[in-house]
Amino acid sequence: MLHYCDKNVTAKLAESTWYALFLAGAMLVAATAARAEPSPCASNLRAESSSATDPSTAGAAAQTRASQTQMAAAPGATDRGPADRQPPPDTVRTVSTVLAGVPAILRIPPTIQKPPIVLWHGLGPPSSEAELMKDLSLDDVPAVKIYLGLPLFGARAPVAGTDSLAQRQAQDYATRIFAPIVVGAANELPAVLNEMRKSGCLRAGEKIGLFGFSAGGTAALIALMDNKAPISVAVTVNAPSGLRSAVGALERATKQPYAWSDASLRLAERSDATLHATQIAATAAGQPRALLLFQGADDNMISPADTVSLDRSLRPVYQHSHDPHRLQLTVAPGVSHDWADPKTVGQVRSAVADWFNRYL
1135 MLHYCDKNVT AKLAESTWYA LFLAGAMLVA ATAARAEPSP CASNLRAESS
1185 SATDPSTAGA AAQTRASQTQ MAAAPGATDR GPADRQPPPD TVRTVSTVLA
1235 GVPAILRIPP TIQKPPIVLW HGLGPPSSEA ELMKDLSLDD VPAVKIYLGL
1285 PLFGARAPVA GTDSLAQRQA QDYATRIFAP IVVGAANELP AVLNEMRKSG
1335 CLRAGEKIGL FGFSAGGTAA LIALMDNKAP ISVAVTVNAP SGLRSAVGAL
1385 ERATKQPYAW SDASLRLAER SDATLHATQI AATAAGQPRA LLLFQGADDN
1435 MISPADTVSL DRSLRPVYQH SHDPHRLQLT VAPGVSHDWA DPKTVGQVRS
1485 AVADWFNRYL
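This note's numbering applies: residue 1135 is where the sequence shown begins, and numbers increase by one.
Note that these hints are calculated values from the structure, not bench results.
In this text, all values refer to a predicted model and were calculated from it rather than measured experimentally.
The beta carbon of each residue, even a glycine, is placed where N, CA and C say it ideally should be.
A couple of the hints might just be wrong.
Stated by the list, open to error - The list that follows gives simulated cross-link-like pairs (lysine-lysine, BS3-like), each with its CA atoms no further than 25 Å apart:
#1 Lys1248 - Lys1332
#2 Lys1362 - Lys1389
#3 Lys1248 - Lys1362
#4 Lys1268 - Lys1477
#5 Lys1248 - Lys1268
#6 Lys1362 - Lys1341
Claimed, not checked - Pair ranges (Cβ atoms, derived):
#7 Ala1304 - Gly1420: 44 to 52 Å
#8 Ala1397 - Asp1432: 21 to 29 Å
#9 Gln1390 - Ala1338: 19 to 27 Å
#10 Pro1458 - Ala1304: 38 to 46 Å
Could you build all of it, start to finish, from the sequences and the hints given here?
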């Protein structure tokens, strides 16, 4: 065995090692500083309305919706729209806009240190982007939050009496509700992110965080499966694992059996997250996506057993990557499908914020 060691070579190696460490640290500091600079995101968006909120009073009860904000111009001053007025530097700003045809509310913190987070609401409360922002502001996560409206909801809801959601559900839940709303939301995501890049809300090569509740959570799982959007961290809350799980919830709610067809069976297989564990984890350079599956133990709509089954199918992929901690299943006692209940909303907020702060 050779033990010869040149002192000059050793010194040079030590110097190069310290230099590499110094350079890596400097790059990290520079990246953090660049991310903490004021974002051009809000100024580049076509805002329908805008508001500013002091983050110290930005609790659920104190959050101001953008549509409610009206500011009078000083006498003799040029009257500019709310979107043009610059809020104080220590405030959270909300902007209502449209991204690639999708209604959206952006919540922009005074300091941005992490990539954006896209959030989808559910079919039931919170069932709009405004309601979800009210219940889950995530102001303790220093990232731009983009709350998206699901297809056929809010501004895109069908006209009552002609093509209502109730009529669609009576016709066929799978092809008339699940496909256009849940799969449709996932299909819209790449175009939304492209608009965010154009507006400066998403940097080139940056990966987003993704959140979804209930049907929005299933949309998030499908987006992970499709792998058409750059996602590094995701959280689902009380989410069906696919069409079969959603139909189970429908049958429990209506107490009526669902009539499966060839088309709905194909959609069930395509959307079943338990069958697409590798795509969901999307291991890159040996590191899978960080995924939190949060499920209320008292959820009588979505069976906790479905979420446990999804975790069981994903677990081997994460163990093989030697990063099992990047997958977490939380079955929370006392939490029902309506997680925004005052008794449990704090627990959900804390779990979601902690996950994004840890991995985004």
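How the hints compare with the structure:
1. Annotation: proposed proximity of Lys1248 to Lys1332 holds, straight-line Cα distance about 18 Å (limit 25 Å).
2. Restraint check: the Cα-Cα separation between Lys1362 and Lys1389 comes to about 37 Å, which exceeds 25 Å; the hinted pair is violated.
3. Straight-line distance between C-alpha atoms of Lys1248 and Lys1362 comes to about 21 Å, which keeps the hinted pair within the 25 Å bound.
4. Restraint check for Lys1268 and Lys1477: the C-alpha separation of about 16 Å stays at or below 25 Å, so the hint holds.
5. Of the supplied pair hints, the one linking Lys1248 and Lys1268 holds, its CA atoms being roughly 21 Å apart against a limit of 25 Å.
6. Taking the CA atoms of Lys1362 and Lys1341, the gap is about 12 Å. The hint holds against a cut of 25 Å.
7. For the pair Ala1304 and Gly1420, the supplied restraint of 44 to 52 Å holds, since their beta-carbon distance comes to about 48 Å.
8. Checked against the hint of 21 to 29 Å, the C-beta distance between Ala1397 and Asp1432 comes to roughly 34 Å, which is inconsistent with it.
9. A hinted range of 19 to 27 Å for the beta carbons of Gln1390 and Ala1338 is inconsistent with their spacing of about 49 Å.
10. Separation of Pro1458 from Ala1304 is about 44 Å and conforms to the stated range, judged on CB atoms against 38 to 46 Å.
Going down the numbered hints, you'll see the structure goes against 2, 8, 9, while the others check out.
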